[in-house]
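Single-letter residue listing:
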Amino acid sequence: MITTGTVQKTEKIPIQNSSDVVAVRQRVRAWVLEMKFSLVEQTKIVTAASELGRNTLEHGGGGFLELAQVANGSRSGIRLRFSDNGPGIENVELALKDGYTSGQGMGLGLGGSKRLMNEFEIESKLNVGTTVTVIRWK
Amino acid sequence: MERIPILRMGNFLLVTIQVDMHDQLALTLQDDLTNRIAEVGAKGVLIDISSLEIVDSFIGRTLANIASMARVLDAETVVVGMQPAVAITLVELGMPLPGIRTALNVESGMDHLREILTSHEENYDYDGDSTED
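Residue numbers (the working numbering), protein chains in the order written: chain P, 3 to 140; chain R, 11 to 143.
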């Protein structure tokens, strides 16, 4: 399990179509700006959010993002949790490999997002759904 | 339908992406550009992404597709103005955009395209109606 610490505030964003993926990028951008992440960190977090949001839409058939500001001791961070009720991921280890794709994409979404964030966790149950949680600490 | 405008300047097509593109808009741009290249016999395509705050794997792949399709249609593509934070993120994401020519700004991108065309003409004795110089 990844360590979250205390949750300070949250926001939920639905992901049902590709405009919602744009909305996800814009909301995450607003949050990381407000939390005063550096420009490079902002870009990494928003890019990871875009990849994971697209996964939720394309592979999970839609779902939502829960944004949270978290704190662990003196460290604060942003937590993104993408949930869907889709088919689930059969082989999580394989799905994390660069270049592996079940769809039309590049297969960089999961592995790439993992590199862009500090913490990364997937919970997936076949025919129940998938939740991907990532955190970037300041 | 929402579209990104494509400008024509002689043998070149110019595109400035100034909106946060959703995936369908990126695909529409890919189709529109490919059609315009064939329609006007363009020899060079310049895509300015200086306003883009992120390039994720989908947009990266779309840029790579445009460059490949353009090449098949005898046109060169140069992507200009990528922000440093975007470049850092793309490489970390695992997508260094191989096969795409880049330049720091529109001016050096245009120089780049002209150079490519000039050497192209010298090498192949191309006698098209180039508007440059």
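Possibly wrong hints are sitting among the right ones.
[Said to hold, decoys possible] 20 Å max Cα-Cα, derived DMTMM-like pairs, lysine to aspartate or glutamate:
#1 P:Lys-14 to P:Glu-68
#2 P:Lys-38 to R:Glu-63
#3 P:Lys-116 to P:Asp-100
#4 P:Lys-99 to R:Glu-63
#5 P:Lys-11 to P:Glu-36
#6 P:Lys-14 to P:Glu-60
#7 P:Lys-116 to R:Glu-102
#8 P:Lys-140 to R:Glu-86
[What the hints assert, rightly or not] Derived CB-CB ranges, DEER-like:
#9 P:Ser-21 to R:Gly-20: 34 to 44 Å
#10 R:Met-11 to P:Gln-18: 13 to 23 Å
#11 P:Glu-95 to R:Arg-81: 48 to 58 Å
#12 P:Lys-11 to R:Thr-38: 18 to 28 Å
In short, the hints are calculated from the structure, not lab data.
For clarity, every value in this text was computed on a predicted model and none was experimentally measured.
Using N, Cα and C, we set each Cβ at its ideal position, and we do this for glycine too.
Which of the stated hints cannot be reconciled with the structure, identified by number in ascending sequence? 4, 8, 11, 12
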